Amino acid sequence: MTLPFCLLQSAPGRLLAMSPVDLLIVIIYFGLVLGIGFYMKKFTKTGEDFFMAGREMTAWIAGLSFISANLGTLEMMGYAAGTYENGILVGHAYWIAAIPAILFLALVMLPFYYICKTHSVPGYVKLRYGEAARSLSAISFAVMTVLMSGINMYGMAVIMKVVLGWDIHFSIWVSSLTVAIYVMAGGLRSAIFNEVLQFFLIWLGCLIIPIVGLIETGGWTGMVERIAKNFPGQDFTHMWASTGTYDNPMGIHWAGIVFGWGLAISFGYWCTDFLIIQRVMAARDLRAAKLGTVIGAFFKMMVPLIVILPGLLGRAVLPFELVSEPVAQQTGQHSFNEVLPLLLVRYCGPGLLGLGVTALIAGFMSGMAGNVSAFATVWTYDIYQPLFRKTASDAHYVRMGRWCTLVGVVVSIGTAYLVMSFRSIIDYAQVVFVFFIVPMFGTVVLGMLWKRTTPAAGFWGLLAGILASFFLWLWVRLDPTAIQYVALSANAKLGMADNIYRAMWSLIVNVVVTVAVTLVTKPKPEAELKGLVYGLTELPSEGHFPLFRRPIFWAAAVAAGFVLLNIIFW
Amino acid sequence: MGEKYHFISIWFFIGSLLAVYGVLIFGAGIWELFNPGKTPVIMAHLHVGIWWGAFLVLLGGIYCYKFWPRA
Numbered sequence: 227m228t229l230p231f232c233l234l235q236s237a238p239g240r241l242l243a244m245s246p247v248d249l250l251i252v253i254i255y256f257g258l259v260l261g262i263g264f265y266m267k268k269f270t271k272t273g274e275d276f277f278m279a280g281r282e283m284t285a286w287i288a289g290l291s292f293i294s295a296n297l298g299t300l301e302m303m304g305y306a307a308g309t310y311e312n313g314i315l316v317g318h319a320y321w322i323a324a325i326p327a328i329l330f331l332a333l334v335m336l337p338f339y340y341i342c343k344t345h346s347v348p349g350y351v352k353l354r355y356g357e358a359a360r361s362l363s364a365i366s367f368a369v370m371t372v373l374m375s376g377i378n379m380y381g382m383a384v385i386m387k388v389v390l391g392w393d394i395h396f397s398i399w400v401s402s403l404t405v406a407i408y409v410m411a412g413g414l415r416s417a418i419f420n421e422v423l424q425f426f427l428i429w430l431g432c433l434i435i436p437i438v439g440l441i442e443t444g445g446w447t448g449m450v451e452r453i454a455k456n457f458p459g460q461d462f463t464h465m466w467a468s469t470g471t472y473d474n475p476m477g478i479h480w481a482g483i484v485f486g487w488g489l490a491i492s493f494g495y496w497c498t499d500f501l502i503i504q505r506v507m508a509a510r511d512l513r514a515a516k517l518g519t520v521i522g523a524f525f526k527m528m529v530p531l532i533v534i535l536p537g538l539l540g541r542a543v544l545p546f547e548l549v550s551e552p553v554a555q556q557t558g559q560h561s562f563n564e565v566l567p568l569l570l571v572r573y574c575g576p577g578l579l580g581l582g583v584t585a586l587i588a589g590f591m592s593g594m595a596g597n598v599s600a601f602a603t604v605w606t607y608d609i610y611q612p613l614f615r616k617t618a619s620d621a622h623y624v625r626m627g628r629w630c631t632l633v634g635v636v637v638s639i640g641t642a643y644l645v646m647s648f649r650s651i652i653d654y655a656q657v658v659f660v661f662f663i664v665p666m667f668g669t670v671v672l673g674m675l676w677k678r679t680t681p682a683a684g685f686w687g688l689l690a691g692i693l694a695s696f697f698l699w700l701w702v703r704l705d706p707t708a709i710q711y712v713a714l715s716a717n718a719k720l721g722m723a724d725n726i727y728r729a730m731w732s733l734i735v736n737v738v739v740t741v742a743v744t745l746v747t748k749p750k751p752e753a754e755l756k757g758l759v760y761g762l763t764e765l766p767s768e769g770h771f772p773l774f775r776r777p778i779f780w781a782a783a784v785a786a787g788f789v790l791l792n793i794i795f796w
Numbered sequence: 002m003g004e005k006y007h008f009i010s011i012w013f014f015i016g017s018l019l020a021v022y023g024v025l026i027f028g029a030g031i032w033e034l035f036n037p038g039k040t041p042v043i044m045a046h047l048h049v050g051i052w053w054g055a056f057l058v059l060l061g062g063i064y065c066y067k068f069w070p071r072a
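Sequence order for the protein chains is A and B. Residues 227 to 796 (my numbering) make up the first sequence, in order. Residues 2 to 72 (my numbering) make up the second sequence, in order.
Think of the hints as simulated: they come from the structure by calculation, not from any bench. Predicted, not measured: the structure shown is a model, and the values here were computed from it. There may be inaccurate statements among the hints.
No more than 30 Å apart at the CA atoms, straight line, and that leaves these computed lysine-lysine pairs for DSS-like [said to hold, decoys possible]:
1. A:Lys267 / B:Lys67
2. A:Lys268 / B:Lys39
3. A:Lys616 / A:Lys268
4. A:Lys343 / A:Lys748
5. A:Lys387 / B:Lys39
6. A:Lys343 / A:Lys756
7. A:Lys271 / B:Lys67
8. A:Lys343 / A:Lys271
9. A:Lys455 / A:Lys387
10. A:Lys267 / A:Lys677
11. A:Lys750 / A:Lys616
12. A:Lys677 / A:Lys756
Could you build all of it, start to finish, from the sequences and the hints given here?
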């Protein structure tokens, strides 16, 4: 979560020059995404159409959209930069910090989200814990979504300026208004369809770099040999071997990776962030929702091919060493953040360059469409309806959804301009994101798996987790030496490690408080928990399909691939 | 998909876009072959644009054929 934001420190400049065919490729892309939006408007009439895409997505569409909404430009360029700096350790973001959580979502949590037919994750919180917990989760989600959307928008504009020399204002307004138009027109269905399109563009635009790069280095072995020769005595190509101590580029121990990153942050994000879960909740049935999530897990596991591998290739093939952003600003050298564009310009001639740039723009737009469509749903159903207008026609809520999509984009643009003036907001935003998203997981999962959990416990556990995270952050900010207590070692480093350990404590506090309050307060009657809690919910049959067409089979296959990859790159 | 409404499949849109992109990238690759730039990209001898463009045309063509809108 930290790494992508390093990009926003990028110095202005220009790395690539596009030819007319490259520009044509970008223009066609904008034309098509708008065309899809207007075409889908004809089929978007009810609230169910606008906010839940009619709940008729196939497993493939839901799954590719699920992963596309997560695959933003900042993430791609940020993690490639992080890999150049810290090596393959950064790849944990795609494996241990994603796959177990996504499979847990698919097999354990998704059935409850799906069966209760709610519109959102805060909607589930309302059904399980009541209005107070729902309001807390909905308002925090809405604020964070718009804030993150604005920061990502600013990040994309900086990238376009650095990579292509485009004006920041032009990038912000053109890209964000395009997203606003197609989401306003076709709602979630339009967002999802464009995300599937964007998924293809991201992969086909970025895949050229690892393919040609590995041909140049003579395959994986040749690349590792080149890195060892260029940077002797440093380990950039092992996932776990250097994590027995804190003496590795990221300054993190394996326990922090597993419990902080792999459990607290990962499960918090993948299992309770409505931005991505909304995509699979729009599937046509439970089997499609589960299969779609497993498909998403598979492609998430493959993302290192287009993000981590280019970072390593940068170490192997670039004729100069990249440096940190402050050094780059002083010396005029290229920074870590430029590794992906540098490789793009190294291997991609006319046409391919346009495809690569379109991939970066598509990455931004898929992430932003995810933000605004999720914001529109949560605002309309979890804030506007319960707090401002309880009874209105379906058409009224659709109109509200359309307008708040536009308002969400405009506020995001405002946030982007605010970030221009106050860059420290970026640091705060990602910290605040951890504040809210991690304790949500404890609250939701306890509510799903333990019928005794009470409404009061849901609210106070969530609040305690948020406050614990906030106070730990404040403690380390006021006294940086406190990191030794938060991360349980004096050798831990501020930044990524700090975030990861804080998330772990936040989850622990959330669970302890939720359990403690539950034991002294009155639970809901079991009759009110049907469809919401394990043991009281009859899961619908997925139909009589052969084993290889069942979600559990493919989840096991992805889990086996996950274990195998970790062993291979140990 | 589309039990309530019948609309053109997203896979058709994707196929069309990939096919158009494939033609453009393939054409640019052919142009580069006969008119190499002053500063060619690394591994230019692989003519990646031609191969990748052809691959996109093939992939896009398959999707267009399979998901062509029918009444």
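Hints versus structure:
Between lysine 267 of chain A and lysine 67 of chain B the CA atoms are separated by roughly 25 Å; this keeps the pair inside 30 Å, and the hint holds. A threshold of 30 Å between alpha carbons decides the hint, and for lysine 268 of chain A with lysine 39 of chain B the separation of about 50 Å lies outside it, so the pair is violated. Between lysine 616 of chain A and lysine 268 of chain A the CA atoms are separated by roughly 28 Å; this keeps the pair inside 30 Å, and the hint holds. A hinted pair counts as satisfied when its Cα atoms are at most 30 Å apart, and lysine 343 of chain A with lysine 748 of chain A qualifies at roughly 26 Å.
A distance of roughly 25 Å separates the Cα atoms of lysine 387 of chain A and lysine 39 of chain B; the hinted pair therefore holds under the 30 Å criterion. A distance of roughly 12 Å separates the Cα atoms of lysine 343 of chain A and lysine 756 of chain A; the hinted pair therefore holds under the 30 Å criterion. Restraint check for lysine 271 of chain A and lysine 67 of chain B: the C-alpha separation of about 29 Å stays at or below 30 Å, so the hint holds. Restraint check for lysine 343 of chain A and lysine 271 of chain A: the C-alpha separation of about 19 Å stays at or below 30 Å, so the hint holds.
Taking the CA atoms of lysine 455 of chain A and lysine 387 of chain A, the gap is about 34 Å. The hint is violated against a cut of 30 Å. Restraint check for lysine 267 of chain A and lysine 677 of chain A: not satisfied, since their Cα atoms lie roughly 42 Å apart, outside the 30 Å limit. Taking the CA atoms of lysine 750 of chain A and lysine 616 of chain A, the gap is near 24 Å; set against the 30 Å cutoff, the hint holds. Note on lysine 677 of chain A and lysine 756 of chain A: the hinted pairing holds, with a Cα-Cα distance of about 10 Å set against a maximum of 30 Å.
Hint compliance for this structure: hints 2, 9, 10 are not met, and every other hint is.
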